[in-house]
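The chain contents come next:
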Amino acid sequence: MDIVVPIKMVPDLVEELEIDAEGRDLDRSFLKLRLSEWDEQALEEALLLKDKHGARVTVIALDTGDPDETLFTCLAKGADRAIKLTGGEAAQGSSRATADVLAKALKGIPHDLILTGVQAVDDRDGQVAVFLAEALGLPHVSVVSGVEPAGGKAVVARQEYAGGVMAELEVDLPCVLGIQAARESPRYAPVSKVRQAMKTLKLEEVAAAAPEARAGSTVRRLAKPEAGGRAEILEGSPEEVADKLLAILKDKGLVRS
Amino acid sequence: MSQDIAVVVEHLGGKIADVAFEMLGKGRELAKATGGRLLALAAGQGLAGLVKELGAADAVLLCQGAGLEPYTPDAHQKAFAAAVKARAPRVTLVANTTMGMDLGAGLAAELGWPLVAYCRDARLEGGTLVATSQIYGGKLLAEAQVAGEHAIVSMLAGSSPAEAGRATGAPAVEEIAAPAAGPQRVRFKRLIQPAAGDVDITREGVLVSVGRGIQSKDNIPVVEELAQALGGTVSASRPIVDQGWLPKTRQVGKSGMTVKPRLYVAVGISGAPEHLEGMRGAELIVAVNTDANAPIFNVAHYGVVGDLFEVLPLLTEKIKSSA
Amino acid sequence: MPDAITPAREVFRNLGTPAVALFYLLGALAILIFCWGAWARIRKYRRGRPSPRLRLAGARLLHGLTAIASHSTLRKRNASTGLAHFAIFWGFVVLFIGTVIIMIDYDMVRLVNPAWRFWRGAFYLWYSLALDVMGVAFLVGLAVMMARRWGARPGALDYTRPDREPDAYSRRGYLRDDALFAWLLFLIGVTGYLVEGARIAADRPPFETWSLVGWQLANAFDALGLSRSSANGLHWWSWWGHAVLALGFVAYIPYSKAVHILVDLVNLLVHDEASGRRLPAPVEGGTSAGYATLTDFTWKELLDLDACTKCGRCHVACPARAAGAPLSPRDLILGLREHAEDRLGGLSLLRETRVAADGGDALIGPVIRPETLWACTMCLACVEACPVGIEHVPLIVQLRRKLVEDGTMDPRLQETLQHLDRYGNSFGQSERNRAKWTQGLPFKIKDARKDEVEYLWFVGDYASYDPRVQEVSRAVARVLQRAGVDFGILYEAERNAGNDVRRVGEEGLFEKLAEHNMKTLATCRFKAILTTDPHSYNTLKNEYPAFGLDKPVVHYSELLADLLRSGRLAVAKPAGAAVTYHDPCYLGRYNGVFDAPREVLGRIGARLTEMGRCRDNSFCCGAGGGRIWMDDSGLQERPSVNRIREAAGLESVQYFVVACPKDVTMYEDAVKTSGQEGRIVVRDLVELVEEAI
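Residue numbers (my numbering), protein chains in the order written: chain A, 1 to 257; chain B, 1 to 323; chain C, 1 to 693.
No lab work stands behind these hints, which were simulated from the structure alone.
Keep in mind that a hint or two might mislead.
As the list claims (entries may be wrong) - One-sided excerpt, in silico: chain C residues whose CB lies under 10 Å from chain B:
| no. | residue |
| --- | --- |
| 1 | P411 |
| 2 | R412 |
| 3 | P467 |
| 4 | D631 |
| 5 | D632 |
| 6 | S633 |
| 7 | G634 |
| 8 | D669 |
| 9 | K672 |
Bear in mind the structure is a predicted one, so any value in this text is a computation, not a measurement.
Idealized CB from N, CA, C, for every residue including glycine.
Construct all of the structure, not just a fragment, from the sequences and the given hints.
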């Protein structure tokens, strides 16, 4: 089975996010980028399938956001191929455009199963997984937390709903699954393995096609959420804070006075 | 092209999801601005009984067929695409649920319309649709202008009041022909309910919720003792359940339960949007976290920036000794 | 028969030629068995990788020989046991040399030229005296050891394993080996005296008064009414008894506990003083970064496995074991030894039996559990306590390297390593916030990246990001400023020095951090590195030179001592407080800095009461080896709580003084959890200094 895992780099939320002077985009000078955590889950699910059932795992990313070390890390974890799509700046910032570019690239890459993160922190215009499926004419399922092969031509995906309810869906291959969580937490890639990969392996480079031009939505203002919703912070030593909390709870009738 | 507003109505087991009423309420607001009708769209089997609850809508479009019950992404997308294409509404609203994630982008791609996701707000300024999305884990809000005559907007649960969309009535019902039954690419196999026999946290009045700040399974008693002292129950954020430290029935958030207790104490929970979705409706929210910048403090009423291992035992003791 | 005037002794007295021939036959047999066993052991060690240890330069060789001769490692903190073994050792050596002298005189010199025989006359008299005295020492030493082992039953000699269920193994074989060894030696000694006493009773050569014990024994035999013929009979029997036991012992050496006689001599000679302080680089060209099977070990490490005499000192010293973790350094070594017996050639006759199925060559899993390896705090107490030079710590690191490669680790540890890789600190916070702690200061600290400084202060993670320890950092800055010290910090360019990353087994990440730090340091101009963190101190001092660091590294306690001594810091308000001082593992035991902090405390007027476990026997707080990044809820009692109880047991001590950032957090936490708040307060050394100046 050929599994393709499209990944992308997103701003690391550990850093303070600053808005640029024009107020419509992030100030990218202090941005630190990291692999989107849902994509990390997708990769893990792909590698688990490889470990258990034997599969070839190909990781593919646009070259925006300097994905080199991340791609090598994917190889160090066990991916078989890593492809970088060069010249993908046009697609940056739009999931729709990213999906276009990926779809065109995937026409030349064998794919039975495409696993990618169900969402990302910056996919304001929609989820890549679904757009990619539609561009390729494939069935798609989102919010998946477990994939198992079902014969050679289909897989069973667990889709999560609210309230802890899940459904098992059988999906014809090839298909695209938007992964919420892998069955196990993502494995560790020892730094020495990553550095070894960087020394001995090469990333494949493919020129990115241009995305379709289409009307969409444009951000006219980027802002921090109002401080109006902030909690009243209780100050003091733990003892004092506990006293204050007790008073509040008594006041609301949640603790008997 | 019309000025109608379409709302995708989610339902499970014969019950309309709360979030669908939120969408209807929002839809009514938008319909007032455009002057068009509010259309409620539902797909499945045996939906006639739901119609009377959809009084907020001007018309209900039902697409029924055996292949549409229960929900599968592929069949539902085709059904809704047919309905929406025929009516060409100005704005189509979906909720940011699993179904909404399948359908929102799916319909947008199939119909060639723009999608704006994770919206807290959507409104019309003159004839232009302006939607505000919550992005970067809730750290920033992006207000966007949407071009074109049609758009799909996916809204976060809890962004609109459900009451505004709840109304009984007798809206006009139209049956949309289910698309021709071709080979089903996505087939439903079975539904998995969470393990029964545990507490139903949606019915609890007091919840003390534990997140990654607890660090270890063996520290959970600290939280249990506080819950006990308050006469409540322990719930958890997703990472705790994923680790197996508490059963799935205790999970609060997008893939877990939505709760509205009188008191929700968030202990060591940072406040990712997926979690906030499940508890921001609580009457009184108190958060304890060592990180002063944790997003949980944006929804909490009272916050303590401190060590839960210091504060909780003290609080538990004080509650016990005051009783 | 020698003439009655010249002191000498007849060899093989009263034995006919057949008997003598039989003796030589038995002797040859014993030596053959010994040689075969010794060679088999050496062959086992040669299965390991090469190591440059055998290149013993003069100073190291001398140091090793002195240690063996003086028994310094055995007598350390165990005066009576050390002395008893000293007596056994030297008694055995002298008696052995005595036999060799006879052999040279009788079997060699006599055959070449009888006139050159030297075992007579004055030489013989002093010889007899020496052997008699040393024989007594030998027996007394043995008696003391046997009484200790079977009478007092100290905890160190309890062979219960903390890393296995009680019904999964049996160490009765070890107990039998111990008994056999002790009694064999004892009986050899006793029969030796019987031989001597009987001979003297029968012959009464007048010069034999020099054989102090033998002469008195002969008197006792006379008093018991032993006739001359009975004495000869006793002599014959005890001579054969002594011969068989002694030759049997020689043959038995390579197949029993007795092999430690040879192995430990070599082990102490090739002991690496920098063991643990400077860890070995990963195996070149190996399939894995760490040790997966026994053949990954160096020959020295395989030797280590046989060196263990099960004395239990490491077992008693280990803070993880004391806390209830499934780790005993002793059982780590013994477990590997038993595995080596299974896979590389078994030689020991009396062994541990285990229930578990054979797991093949893999070390991790069937032989050693991951939890055992992860429980180690890398405090080096085991290596320090070991009297025979076993180096447990580098072995654990090599095995951890394999665990890291396979991703077998606590999820919190994995997350921390990822934080360290991405942000350069273990807190997962932005590297931009690393110097935020300086904002509370009334002055700006020099930026060592731009300006030349005398001391480049390498601050460390905890001192930069932990709110409580940030207070200490600010105190250090204020004190240095007061003293007019020219210092600067690296601000956001500093990354974790990597000491604990290396000890966790993530060698690749350690290299990455070290390379990054060295790149930064290469652009700076400074005379010495100052650090407040003993962990950083250790790696900067011992391991960074391999990455190109060629400047001295100073701990702030050393600098404070200097400043107080020279008067650049003047004490205005002597402390007067009653304190105890906790030696941080990486400052004290690892790098020998014990006196500087004590000097500081003395100069500021604090009254120091030492804890029982102080200086190189200090008891670890439990944070090292990456343990502070792992889940410790499985422990029965945290090492830090154990230590606070020890301190609280010292009456009148108010302050628990520390000189390490992790100690500040660990011990303040321990004071709270053990309910000692109010009884004892944790203070950092610099906080007391600041109050005093």
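Hints, one by one, checked against the model:
1. The restraint placing P411(C) at the interface with chain B holds, with a minimum CB-CB distance near 8 Å, inside the 10 Å limit.
2. The interface hint given for R412(C) holds, since its Cβ lies 7 Å from the closest Cβ of chain B, which is under the 10 Å cut-off.
3. Residue-level restraint check for P467(C) holds (minimum Cβ-Cβ distance to chain B is 9 Å; threshold 10 Å).
4. With a cut of 10 Å, the hint placing D631(C) at the interface with chain B holds, because the nearest CB-to-CB distance is about 5 Å.
5. A cut of 10 Å between beta carbons decides the hint on D632(C): the least distance to chain B is about 8 Å, and the hint holds.
6. At a threshold of 10 Å, the smallest CB-CB gap from S633(C) to chain B is about 3 Å, leaving the interface hint in force.
7. The interface hint given for G634(C) is met, as the beta carbon of that residue sits about 8 Å from the closest beta carbon of chain B, less than 10 Å.
8. Checking D669(C) against chain B by beta carbon gives a least distance of about 9 Å; that is within 10 Å, so the hint holds.
9. For K672(C), the interface hint holds, the least distance from its beta-carbon to any beta-carbon of chain B being 8 Å, beneath 10 Å.
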